[in-house]
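Asks: Chain order of the listed sequences is A and B.
If you count the first sequence from 1, position 44 lands on 44 in the working numbering, and the numbers rise without skipping.
If you count the second sequence from 1, position 154 lands on 154 in the working numbering, and the numbers rise without skipping.
Careful: at least some of the hints might be erroneous.
Stated by the list, open to error - Quick partial rundown of chain A residues pointing at chain B, CB under 8 Å, derived from the structure: (1) Phe54; (2) Phe60; (3) Trp101; (4) Arg162.
For the record, the hints were derived by calculation from the structure and aren't laboratory data.
Beta carbons: idealized from backbone N, C-alpha and C, even for Gly.
So the chains spell out like this:
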Amino acid sequence: MTAFDVERGDAIHPGKPVTVDRYTGGARINHWITAISLVLLALSGLALFHPSLFFLTGLFGGGQWTRTIHPWIGVVLFFSFTGLFIRFWRANLWKAEDGTWLARLKDVLTGHEERLPEVGKYNAGQKAVFWGMSLLILILIASGFVIWDQYFAAYSTIDQKRIAVLIHAIAAVTIICVWIVHVYAAIWVRGTISAMTRGRVTGGWAWRHHRKWLRELVGGKERRS
Amino acid sequence: MFPPLPNPTVKPTPAQFGEQDLTRRSASNVAPPARQLTPVAKLIDTSKCIGCKACQAACLEWNDLREKVGFNSGVLDNPLDLTPASLTVMRFSEWINPETQNLEWLIRKDGCMHCADPGCLKACPAPGAIVQYSNGIVDFDHDRCIGCGYCIKGCPFNIPRISQVDHKAYKCTLCSDRVAVGQGPACAKACPTQAIVFGTKEEMKQHAEGRIKDLKSRGFKNAGLYDPPGVGGTHVMYVLHHADKPEIYANLARDPRISPIVELWKGVTKYAGLAAMGGFAAFGFLHYLISGPNKVSEEDEKKAEQLTGSDVS
């Protein structure tokens with residue numbers, strides 16, 4: 001049996017130090033298209049969210065351009081994230097140890113990883129980010145279409161548009177908060193960013209943070225040989 | 001009869017109000033203006049309207065707008081709705097009065113009401129694209145409009161329309177350019193029955209009182225003035241023969257006010273949203289300061305080497 005959490009392309013390269021392939025080139029390109037879209041969406045969206053941030057429209061060539069381009073970037077993000085979802089959803093399914101991990105969030109934040117259960121390719125925090133992003137992107141694209149007046153004004157009533165614009169704003173604020181958690185965790189947990197740039201992590205990183213995944217990879221290799 | 005405004009002088013005159021008289025400016029704060037202009041108002045007397053559409057023609061003419069040739073939809077309303085070019089539209093309703101069994105032909109000139117508390121301005125994200133002068137006129141500055149359509153969501157009367165040509169919002173300006181040089185709106189000038197009159201808001205209320213008294217003496221016991229308090233009153237008011245039933249006039253709102261959803265969106269969501277994002281960022285910053293980076297140790301690398309068999313060779 002192939003281990004549940006091991007994704008296509010994951011592999012161990014023994015040596016000193018051990019390196020572990022975590023993300024394929026395709027996954028990384030897919031991730032960065034999504035990431036750039038999300039940042040551009042946040043900047044253009046925030047420009048219209050609060051007057052003090054309206055100056056951000058300058059980045060997009062003015063208010064008219066910001067209004068024009070924002071929904072199109074949203075469409076790009078939706079399809080790009082769909083790619084990520086198809087790649088990652090299986091390894092993000094909730095497991096028994098995830099509840100324990102989440103209950104010991106205090107130990108996570110205070111750096112007592114020895115008190116945490118061994119986790120697979122993703123820990124409960126990463127899974128929460130994954131499912132949070134998935135749900136929020138669905139909400140944002142759906143509410144976004146309702147307020148995309150240039151093409152879809154005729155398909156909803158003004159009352160529906162009012163509700164949609166409120167939901168869109170709240171979901172956008174929430175996804176930016178989730179994004180902050182995602183980026184901060186990548187910076188705080190050293191050795192993580194190389195996973196999404198070069199595609200690899202060190203064996204020590206995998207041992208420390210995703211031991212179950214590492215064991216599954218080792219087990220898989222043993223069975224193959 | 002309300003004395004019509006005299007014909008203006010042909011000598012060029014400077015504008016009597018401008019940027020310095022703004023009481024509100026969308027997505028910005030303005031200093032309270034040094035002087036208070038006399039509030040103005042347009043009064044539309046539905047009982048005197050004959051449905052000639054001279055006001056519509058005058059509006060197109062003065063604002064140099066062209067409506068594309070439409071088609072007959074089987075009713076007198078033409079065009080059927082407000083458009084980026086038709087800033088005012090006569091709405092015709094046939095209503096059978098249940099008390100008299102008389103067919104009453106109710107004609108209401110629809111257009112921007114120039115609310116004292118304008119929902120469009122509250123919703124607008126573009127600084128200065130919507131402004132309100134201390135005389136009560138709410139105006140759009142098209143150079144600043146970004147075409148997002150938020151004003152449509154903010155408006156309790158469903159008035160602004162976005163042009164598919166230049167992607168900017170349009171609505172009645174109360175002929176702010178004419179009023180600034182001492183004239184009344186083009187529609188009032190063109191109205192042959194004085195169903196539309198223009199003056200100070202006080203004068204208009206007084207004039208309306210006389211009209212309502214007259215209507216009551218003719219049996220319209222519910223005649224009254226439409227100056228809805230939910231939006232702080234309006235600078236376009238109606239005299240209605242059935243003021244107790246505004247909705248029979250092509251669904252005129254009974255108690256218009258800015259939608260609570262819009263208030264929530266433009267109120268607490270804006271501030272709570274910024275606070276939440278700032279809070280998450282601040283937590284990350286503080287956490288990093290206090291606990292430092294989470295580093296992989298030498299021991300972790302050794303364990304991995306042992307697990308993968310790298311230490312044997």
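Asks: Against the structure, test the hints numbered earlier, and report the numbers of the ones violated in rising order.
Replies: 2, 3
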